[in-house]
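Trainee: The primary structure of each chain is shown beneath.
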Amino acid sequence: MSTEPAKKERDSLVSEFRGFSLKRFLVLVRVELYKMLNYWVIRGGYIAMLGIALIAAYLTFHLEQAAKLSSGSGYAFAIGLLMRGIDIGSSIIFLMVCMIFSTEMTFGTLKNILSRPITRIEMMAAKYITAWVMIIIALGIFLCIGLAMGKYYYGLGDLMEDGYLLFKKSEMYKQMAIAMLLLMVPFVAMSSLAMMISSTSSTMGGTMIIGIIAYFFFDLVGVIPSNLGITLAGHFIPYHIFGFPMLRFVPLTILDDLPAGLPINTWWLPEVKNMLLVCSIYFFIFAVASLVIVRRRDFTL
Amino acid sequence: MSEPVLEIRGLCKRFGDIQAVKDLNLTIYKGDVYGFIGPNGAGKTTTIRMLLGLIHADAGSVRIFGHDLHRDFRATVSQVGALVESPAFYPYLSGYRNLSLFGDLSGGVSEERIQEVLKMVGLGRRGKHKVKGYSHGMKQRLGIGLAMLAHPKLLILDEPTNGLDPQGIREIRNLIRRISQEQEITIFLSSHLLGEMEMVTNRIGVMYRGSLIAEGEVGKLLGGEQDRVEINVDNEQSARNFLESKFPGLSPKVPKSGWLEFKKENWDLAAINRELVNAGFKVSSLSSRGRNLEDLFVELTGESKDVY
Numbered sequence: 001m002s003t004e005p006a007k008k009e010r011d012s013l014v015s016e017f018r019g020f021s022l023k024r025f026l027v028l029v030r031v032e033l034y035k036m037l038n039y040w041v042i043r044g045g046y047i048a049m050l051g052i053a054l055i056a057a058y059l060t061f062h063l064e065q066a067a068k069l070s071s072g073s074g075y076a077f078a079i080g081l082l083m084r085g086i087d088i089g090s091s092i093i094f095l096m097v098c099m100i101f102s103t104e105m106t107f108g109t110l111k112n113i114l115s116r117p118i119t120r121i122e123m124m125a126a127k128y129i130t131a132w133v134m135i136i137i138a139l140g141i142f143l144c145i146g147l148a149m150g151k152y153y154y155g156l157g158d159l160m161e162d163g164y165l166l167f168k169k170s171e172m173y174k175q176m177a178i179a180m181l182l183l184m185v186p187f188v189a190m191s192s193l194a195m196m197i198s199s200t201s202s203t204m205g206g207t208m209i210i211g212i213i214a215y216f217f218f219d220l221v222g223v224i225p226s227n228l229g230i231t232l233a234g235h236f237i238p239y240h241i242f243g244f245p246m247l248r249f250v251p252l253t254i255l256d257d258l259p260a261g262l263p264i265n266t267w268w269l270p271e272v273k274n275m276l277l278v279c280s281i282y283f284f285i286f287a288v289a290s291l292v293i294v295r296r297r298d299f300t301l
Numbered sequence: 001m002s003e004p005v006l007e008i009r010g011l012c013k014r015f016g017d018i019q020a021v022k023d024l025n026l027t028i029y030k031g032d033v034y035g036f037i038g039p040n041g042a043g044k045t046t047t048i049r050m051l052l053g054l055i056h057a058d059a060g061s062v063r064i065f066g067h068d069l070h071r072d073f074r075a076t077v078s079q080v081g082a083l084v085e086s087p088a089f090y091p092y093l094s095g096y097r098n099l100s101l102f103g104d105l106s107g108g109v110s111e112e113r114i115q116e117v118l119k120m121v122g123l124g125r126r127g128k129h130k131v132k133g134y135s136h137g138m139k140q141r142l143g144i145g146l147a148m149l150a151h152p153k154l155l156i157l158d159e160p161t162n163g164l165d166p167q168g169i170r171e172i173r174n175l176i177r178r179i180s181q182e183q184e185i186t187i188f189l190s191s192h193l194l195g196e197m198e199m200v201t202n203r204i205g206v207m208y209r210g211s212l213i214a215e216g217e218v219g220k221l222l223g224g225e226q227d228r229v230e231i232n233v234d235n236e237q238s239a240r241n242f243l244e245s246k247f248p249g250l251s252p253k254v255p256k257s258g259w260l261e262f263k264k265e266n267w268d269l270a271a272i273n274r275e276l277v278n279a280g281f282k283v284s285s286l287s288s289r290g291r292n293l294e295d296l297f298v299e300l301t302g303e304s305k306d307v308y
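Here the protein sequences line up with chains A and U, keeping their order.
Take the first sequence: its position 298, counting from 1, is numbered 298 in the working numbering, and each next residue is one higher.
Take the second sequence: its position 144, counting from 1, is numbered 144 in the working numbering, and each next residue is one higher.
Keep in mind the hints are simulated off the structure, nothing from the lab.
Be careful, since some hints might not be right.
Stated by the list, open to error - Here are the computed lysine to any residue pairs in the SDA-like style, where the Cα-Cα straight-line distance is at most 25 Å:
1. A:Lys8 with U:Lys264
2. A:Lys168 with A:Val188
3. A:Lys7 with U:Phe65
4. A:Lys23 with U:Ile169
5. A:Lys8 with U:Glu7
6. A:Lys8 with U:Lys253
7. U:Lys220 with U:Phe281
8. A:Lys7 with U:Ser100
9. A:Lys23 with U:Gly107
10. U:Lys253 with U:Ser211
11. U:Lys153 with U:Ser100
12. U:Lys282 with U:Ala271
13. U:Lys130 with A:Thr203
14. A:Lys23 with U:Glu7
15. U:Lys246 with U:Val218
16. U:Lys220 with U:Ala271
17. A:Lys23 with U:Ser100
18. A:Lys23 with U:His67
19. U:Lys264 with U:Arg240
20. U:Lys153 with A:Glu4
21. A:Lys7 with U:Glu261
22. A:Lys8 with U:Val229
23. U:Lys153 with A:Met208
24. U:Lys30 with U:Asn241
25. U:Lys128 with A:Arg30
26. A:Lys8 with U:Gln19
27. U:Lys22 with A:Leu147
28. U:Lys22 with A:Glu4
29. U:Lys253 with U:Asn241
30. U:Lys132 with A:Met208
31. A:Lys151 with A:Asp162
In this text, all values refer to a predicted model and were calculated from it rather than measured experimentally.
Work out the full structure: start from the sequences and follow the hints.
Mentor: This is the structure:
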């Protein structure tokens, strides 16, 4: 027999979906994207990433020249730059995603949204999609700069070595596209962590502080295996499971073998499976937590 | 009696040890301009937040136009426009763009409607400017504009004249009167400006310590009798002492500098005036007036500054 609070909760949950309109939801996503992409802090973040990518490209090429080394191809150069980009840039991306919800709290605009015919789950879903678009733009910046500079320095055609065709241009782009798709998986999990943190906080400053602590906690836990040695570390705790942000390097590490002439016969590799599993679990935990927090929270804005 | 627009039944909310709202029952009818008054911390804003689903009620129900807020949130709030406490906008966007974005979330409003609303609240020429450059009064006006943007049938305004200059207060008062009469919008208004409330509302509810302690039509609650006497006199403290000794039981109050006030009852006003003048006090005026909202408010809630 259901109790009164349980019935109330069920009614409330049903109410979240009653009268849902896809058209209105898409409008909500558009509005979310508009206000985030027009916020000068977010634009500043993208400009910072652009700067990081250009400086990294310039330095990489000239250091290679000085050391009489060569990436060998535009693809290798682009992949190398992408790896450096997401190494440095992912903390910026994380903080930018934190802002999607925390700006509403800081400006007080959340009350304007919640007093429209929009349910809390709908609002959060739109914010998640906004986060993913923002991540795609950020990764796109690193990829495009890498490819553009790679083409400028080395050229981007069919991959050749000593006159022999290793891989066609189409094959290179296809594998890069798959890697980018897989690269989104850890970032989606990271976005859910950012959303969960920002949904608990009342100010942007608080979100940023807690966010940076949480991000570096998970990120640093992830590098313990490489510092201690994977075998040694594995004796104690499966650190690679806790440090899920580090899994962002998995697709690019596999992709990195391609310009060296090693074909990728399948992406269904144990490390990719592990990445998908771990990131899915983290995404599920953080996303559900963020939705429950936002649904139950009293907003005294 | 016309159809009920807002029905609140047994609404309760507790924040820790504080019972912010307890067993609130309230009905607002179509065409009402309902004044919701009470001292700070009485539970007015908490009630308004619960009406909009910003905070969850511990118990009770809210029905707006017959829809249960809890069960049918979208249908309920789609007919409501609201300004809750201080207005909130994206400071890096223009007033126009803010209205446009929130209008989209309400189902879409035309460009003409946005311009019309901006003109209505006196921001016709500043609409294209970024909100970060607006004064508090301008943001307040924009907040009122936002509340009215999507042609709501119920308008909930929490302290709409906060931060406005006297001219702005007058404009908002006239605007509230106009939209209530011309557009048949039901208005739920919370404010500390009791004089303003008296001028625009037809029904009021007085909140105190989370409970509704009085409710009804303004005229009936205030009564029509001219039962107060106001005297404009110099040296009001001495005059008060003089009257208390000369007319035992009179107990006049000093509501403001240069004024004495007391209940008319059966006192001989001519005698009071004569005694004051004979004692050397300069009496500029002596008149009787009816009870106003402020008198009612003080009678109901007392002079104490302790809310809890």
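Trainee: Taking each numbered hint in turn, which are not upheld by the structure, reported in ascending numerical order?
Mentor: Hints 1, 2, 4, 6, 7, 8, 10, 14, 15, 16, 20, 21, 22, 23, 24 and 27 contradicted; others consistent.
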